[in-house]
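> Residue numbers (the numbering used here), protein chains in the order written: chain A, 1 to 643; chain B, 644 to 1007.
If you're looking for bench data, these hints aren't it; they were derived computationally from the structure.
Glycine residues also receive a C-beta, built at the ideal position from the N, C-alpha and C atoms.
Keep in mind that a hint or two might mislead.
[Stated by the list, open to error] Listed next, the stretches of chain B that the computed footprint assigns to chain A, with coverage defined by at least 3 CB atoms under 8 Å from CB atoms of chain A: (1) 666-680; (2) 693-705; (3) 751-761; (4) 876-883; (5) 935-946.
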Amino acid sequence: MRSRSEIKNYQLEQYNFRFRLAVAAIFVLVCFGVLASRFFFLQYAKYDYYQTMAENNRISLVPIVPNRGLILDRNGVILAHNFFVYTLEITPSKVKNVEATIEELSHFVEIGSLDRKNFKKLRTQSHSFESVPIRTHLNETEAAKFAVNRYRFPGVEIRSRLFRHYPEGRLGSHLIGYIGRINDKDLASLKESEDLSNYKGSDHIGKSGLEQSYERSLHGTTGFQQVEIDADGHAVRVLSSTAPIPGDNLILSIDSKLQKIAEDAFGDYRGALVAINPKNGEILAYVSQPTYDPNLFVDGIDSESWKALNESLDKPLVNRPLRGVYPPGSTFKPFVALAGLENGKREPPFSISDPGYFMLPGSSHRYRDWKPAGHGQVDVRRAITISCDTFFYGLAMELGIDRLAEFVSHFGFGKKTGIDIVGESDGLLPTPAWKAKRWKQKWFPGETVIVGIGQGYTLTTPLQLAQATATLANNGVGIRPRLVSSIQENLSGITRPIQMITNDRIPLEQKNIDIVRAGMIDVTLPGGTAASVGAGAPYAIAAKSGTAQVVGIKQNEKYNESKMAERHLDHALFIAYAPAEDPTIAIAVIVENGRHGGSTAGPVARKVMDYYLLGKMPAEPSIPKDAASLPEAGHEGEEPPHD
Amino acid sequence: MIRQLMSYLIKHIDSFLMSCLFFTLLIGLFVLYSASGQNVDRIASQFANIIIATGAMWIAANIPPQHLQRAALPLYAFGMILLIGVYFFGEISHGARRWLHLGIVRIQPSELMKIAVPMLLAWYFAKREGTIQFSDHVVGAILLAIPVLLIMKQPDLGTSLLIGASGFYVLFFAGLSWRLLIGGAVLIGASTPILWSLLHDYQRKRIEILFDPYQDPLGSGYHTIQATIALGSGGLAGKGWLNGTQAQLDFLPERTTDFIFAVFGEEFGLLGNCLLLLLFTLIIARGLVISAQAQNTFCRLLAGSITLAFFTYIFVNIGMVSGILPVVGVPLPLISYGGTSLVTLMLGFGILMSIHTHKKLVTT
């Protein structure tokens, strides 16, 4: 029996307990309320935010690299294409120990240190689920050897990847250029141009020549696969796929046969040649000698080959037509002559009597003619034909440097031609303003004198020279030179011609043009400085030869060819257009250390014209070895730059 | 014959509580199937756990509370010996010393203490019934503190906090003065900096990252970030069973155990979450009703503590998964994969049933 107080106590205790239970129940409800409101916050209020986060988590875009466009010459000859190559590839996420696997693989397939280095570099740039090549260009035997032992290498596969190949090898390598692996600099510029996403899967990018200049067209549009990935980055399944758009094909105005003839014509000489159709600006041949094999660069050039190319005295990597700058020498004279005529100076029958030198008033310095005894009575036409220095010294002086520079600049001297290949040099057309800015020095009258014969500071690229010649051939209408004549869409086959861009017509009087042309035609006729070049040609050639000094010769010092090191010999230049009455080809040739334009550079131009105009294959492949020392009608030794 | 067997079997089973438990366990199996990547072996194994745990529950339900009362002290003493054994001879796994090898069985004494601690405290206060003074609460607190500190040392912060909570509930129901409660809360608030200095580095990090999981998005914060993304992206109705991208694509870590709620929330959304919360609320409500109707102090205190401990597990786990509490290793009761904690849990529910179904025998 419980006592009364005990019962009362018991009831009180139970009451207290139940009160505390009620407090606990409220506590539980409050806590669950907190959870419920958290759910509401996450799953309702912030649903969109977290939904996006989850999508970003799970969906990965895997790029599908487009096929790079082809490069074809005007007749459809393939100059750059793609082909499949067996590569041995490792998917790092599927391999336990990558280093050990590579070591093991090297027992079956040769893996060099360069391969390892490339692999390491590529691996850091890719997802773990992407396969990375450890060896490329596996031959059949190697592929077979690996295939037999494949079971030992989970996560290692043989794949075929598209590689760029230049089937013509060294032919036209400077104009075609090459592609190479994308480096940090490329990445930075892609980022800047906001093209980076289009290069997600691409390993290569155009590095030089047309491959670089037409990168946008050639590359194509990268396709994408939306792939669901898990937290480790393994692809689980494909959600959607957007096909890549292959790059466009470039159809060049270059004729690869003509290109070959032009390149071969140089023989062992270094130099450059540009042939343009003056009527439409199409470049027919674009030579930079010596050439190199662009295939070396595609998958990363090995250090030995690179060293050989980069350190060669012949500078095979220099794109001479584009970036080589040479004094134009006497090839500048037709333009100076035209400047005089257009300014009312030296109009026939005006002539000078050439004593073999020119002197500035009040100075005893003699600007010598290449012919010490002088040429006698010389009018403007004959001045061109025989390349009379004295005539042009005086003419330049009379015109004044500013007027002369202004006039020839219309032909493109001193500025980029706007050719469709990047990296063009400006050349240099000196003026007093330029000298003040560049050297902080006053312009001397003597500097004007030697500009008259294309010496001094004046520098042109072979391309500028060709463009100026084409403009002259086209009666003052310059057309922007271009290598690509049309772009062909790969899928549809639709070909879009590149718009021809015509520069402003230079206001020239036809009779003046005709005088200069007549002088230039005479150059290749008996009595002209390049008579041998025109010998036997069934079409009229308007031309001008020239020589550019490599090493300055001091006043009163005798010029001695035989004593000079071969690389210090003068450069030979030659410009020409033909048929002279209705030109369809304009050429500029520079033969480095070729000495005389008429004897070394001229024959190169002739071979190109013969093939282009007559379809005639050249008899001998190169400049005769002794051509430079042949006693020629045109020996033009010019006054050295005034120092 | 069969009817007799059936009535014998369900004699001490509370049908309402049992229905809620089974329904929740069933949900757990479905979630586990999804979380484990449709691993049937996992389901079979968890099913076996459920059978064993239900058996344990049935046995507990059939033991009269007075037997439990008598067993309280020996069980606590046994548990303490094992804990001390762990402290000296325990097996280290995952950087914590939690397991004890006893010949062929490997046991986790802290699990036993989840039941033994509230039993002992309930026994103690029942013994002091009618004469409970402040000093009794001090004794109770000491009896509680020793195992909690030992487990904290293992270190197993989650379990020690839960056991601390279950012991605290006994003290609370035994009439811990309100003044002391409020005073204690203020004191804890004030002593936070000291507690902070006592925490392990990994524990501090967890707390720091709780406030800013993006401090370490791929390290310690990763769990919280991925779990909240899973929940949030579940939206109103969820992505559907087996369709949770966070779960199915491996973004969620520990998704069959501590973070299983994120899988559930991702696939069943806000509606599913509220439904599950409701189910838990029903179980807790039933536990509180059983506590209220219990006939003696031991039963009342034990039932109340077991019920609130269950609540605490839920709150700590879901709070952690949804990013409002620090990440401590606490599984979600009845849902997470794992046998040990399920057995302990179901033992607790068995005790609740025993308390409820044995009371008439006591009063007559």
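> Now tell me, hint by hint, if it's right for this structure.
A quick look at each hint next to the structure:
no.	hint	result
1	666-680	violated (count 0)
2	693-705	violated (count 0)
3	751-761	violated (count 0)
4	876-883	holds (count 4)
5	935-946	holds (count 3)
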